[in-house]
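J.: Listed below are the residues making up each chain.
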Amino acid sequence: MNSNLINFAYLVASIFFVFGLKGLTHPRTAVRGNLYGALGMLIAVVVTLLDQQVVSVEYVLYGVIVGSLIGVVLAMRISMTAMPEMVALFNGFGGVASVLVAGATLLESVSKGQVLTAQFTVATTASGIIGAVTFWGSLLAFTKLLEWFRGAPKFPGQQMLNMVLLVGSMVVGGLLVNDPNNTDWFWVMVGIASLTGILMVVPIGGADMPVVIAFLNSCSGLAAAATGFVLNNNVLIIAGSLVGASGLILTQIMCKAMNRSLVNVFVGGGQASGGVIADADEVYAGKVKSTSAEEVAMLFDTARRVVIVPGYGMAVAQAQHAVRDLADELEKRNIEVEYAIHPVAGRMPGHMNVLLAEAEVPYDKLKEMSVINSTFSQTDVCLVIGANDVVNPVARDDTSGPIAGMPILDVDKSRTVVVIKRSLSPGFAGIPNPLFAADNTLMYFGSAKEAVLDLIAAIKEG
Amino acid sequence: MEIFVTALTVFVLAVFVGFEIITKIPPTLHTPLMSGSNAISGITLIGAVLSAGSQHTALTTGLGVAAVVFATLNVVGGFLVTHRLLSMFKRRD
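Residue numbers (this note's numbering), protein chains in the order written: chain Y, 21 to 482; chain F, 248 to 340.
If you're looking for bench data, these hints aren't it; they were derived computationally from the structure.
Owing to the predicted nature of the structure, the values given are computational and were not obtained by experimental measurement.
All C-beta atoms, glycine included, are put in the ideal place defined by N, C-alpha and C.
Take these hints with a grain of salt, some might be off.
Dumping the calculated EDC-like pairs for lysine to aspartate or glutamate here, alpha-carbon to alpha-carbon at most 20 Å [what the hints assert, rightly or not]:
hint : chain 1 : residue 1 : chain 2 : residue 2
1    : Y       : 433       : Y       : 356
2    : F       : 337       : Y       : 378
3    : F       : 337       : Y       : 432
4    : Y       : 352       : Y       : 481
5    : Y       : 132       : Y       : 204
6    : Y       : 480       : Y       : 378
7    : F       : 337       : Y       : 481
8    : F       : 271       : Y       : 384
9    : Y       : 276       : F       : 267
10   : Y       : 309       : Y       : 400
Covered stretches of chain Y (in silico footprint by chain F; criterion: 3 or more residues with CB under 8 Å from a CB of chain F, positions within the stretch not fixed) [unchecked claim]:
hint : segment
11   : 64–76
12   : 251–265
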């Protein structure tokens, strides 16, 4: 096939990608948008098979069949609660594919004795480093989300080591650019970058996960764009940079929602950044009021507006269906129910939205922080389910400490706050939450799912 | 150098297009956005097809085929998962 025709088809594919992403701006058009994206990909792949550089499609087809089978099985069998893991894993696959393509193209060009431009070698280096960091970083994030790898170990000199490794991989990349015929440098560079990817994610855990996932998402796009520079292929550059930009925006949104910089997430590793941390006993002593299902059910008798605030605890307990049943029960009694979603609630951007959508909660009931915050003062009962740091008023009042300045849901402004939580243990930030000791707060201790089910039973009885 | 400038132009403009579109995406759709855009980043598949199909040496073909497997997994799995996610967001009234 004529290369002009191929490039024309690539342009069509790129347009589909742009419209595909545009479709995702609204739930109504999103399914179609995703199909546009898939169609663009199909066009791009089919015309590539017709490229004269492709001598035989046999092996390509084997690869496509194997990849498709695994992809279909993974995508169809995965449960919605395991979505963060799945997204992390797929991110990684894109990264490793970029590394392999860059490596294969380098070997091929060198053995053909082609004159290698600076663009080619630098892009190969970038693709190798970014791709390897993405792959291993994502794999580690995957194991952490599955809790195969628990905790977030920190050791002295950790950041220094990561920095040295990252710079080291760049230096080896520089050697490759200087002497591209010595292709061993490529693999050494990929090896060091892989180690960097792993060690970078090791100290990160819990509530910082959404930032890391969004960041790796961006990297998988940038790796593809770098591969586009290697091959001088516009559709790779366009698609890769669209994804890179998308991941960067998400990363930025997540960072803002925690009032931290990206550097702080990777370097600070969630440690308290100074300030006096209040003593838990002092905050809670004698002020925490425990409640029961029956008592909360009575609160709902006089309530007209209820706001539900889900957090990671709801995801862990898989309580989303029970929560939806509770909301149905309340709505039957003419109570207005809305959900307040903090941007970093859960383990990936949009995590709570996905879980609640799975439980068939209409998406227009899920309210963003900026929208719902002004309505808490008109809310009779605010039900906090497994959330902690994102509702901690300390963030608003304090000027120092790990979550100072972080935007929070102002649940404490509601008439009554009911917190469903297993214990008074601190959230990811490791600080006590004065909300639990507030005059208008009732602690309803228990696992999210059982607590909500008991509550439904109590409402039905009452 | 000329080729590089053209490629860079395409890159920079596409980044701007990406920023413009994606800032309009509501938080509710952030997870599908991630998985959908991730499927698009599987576009590396094209490079993988070229490497696997050119059958230069056994090594480059092997690397290419491995890349085809990973990239296809990324593309097929990514679009399917996104489809599953999005079908939950349909209005049910």
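J.: Work down the list of hints and note, for each, if the structure agrees.
T.: Verification of the hints:
{"no.": "1", "hint": "433(Y) - 356(Y)", "in the structure": "holds, 17 Å"}
{"no.": "2", "hint": "337(F) - 378(Y)", "in the structure": "holds, 10 Å"}
{"no.": "3", "hint": "337(F) - 432(Y)", "in the structure": "violated, 33 Å"}
{"no.": "4", "hint": "352(Y) - 481(Y)", "in the structure": "holds, 14 Å"}
{"no.": "5", "hint": "132(Y) - 204(Y)", "in the structure": "holds, 17 Å"}
{"no.": "6", "hint": "480(Y) - 378(Y)", "in the structure": "violated, 24 Å"}
{"no.": "7", "hint": "337(F) - 481(Y)", "in the structure": "violated, 33 Å"}
{"no.": "8", "hint": "271(F) - 384(Y)", "in the structure": "holds, 16 Å"}
{"no.": "9", "hint": "276(Y) - 267(F)", "in the structure": "holds, 19 Å"}
{"no.": "10", "hint": "309(Y) - 400(Y)", "in the structure": "holds, 18 Å"}
{"no.": "11", "hint": "64–76", "in the structure": "holds (count 9)"}
{"no.": "12", "hint": "251–265", "in the structure": "holds (count 15)"}
The earlier numbered hints that this structure contradicts are 3, 6 and 7.
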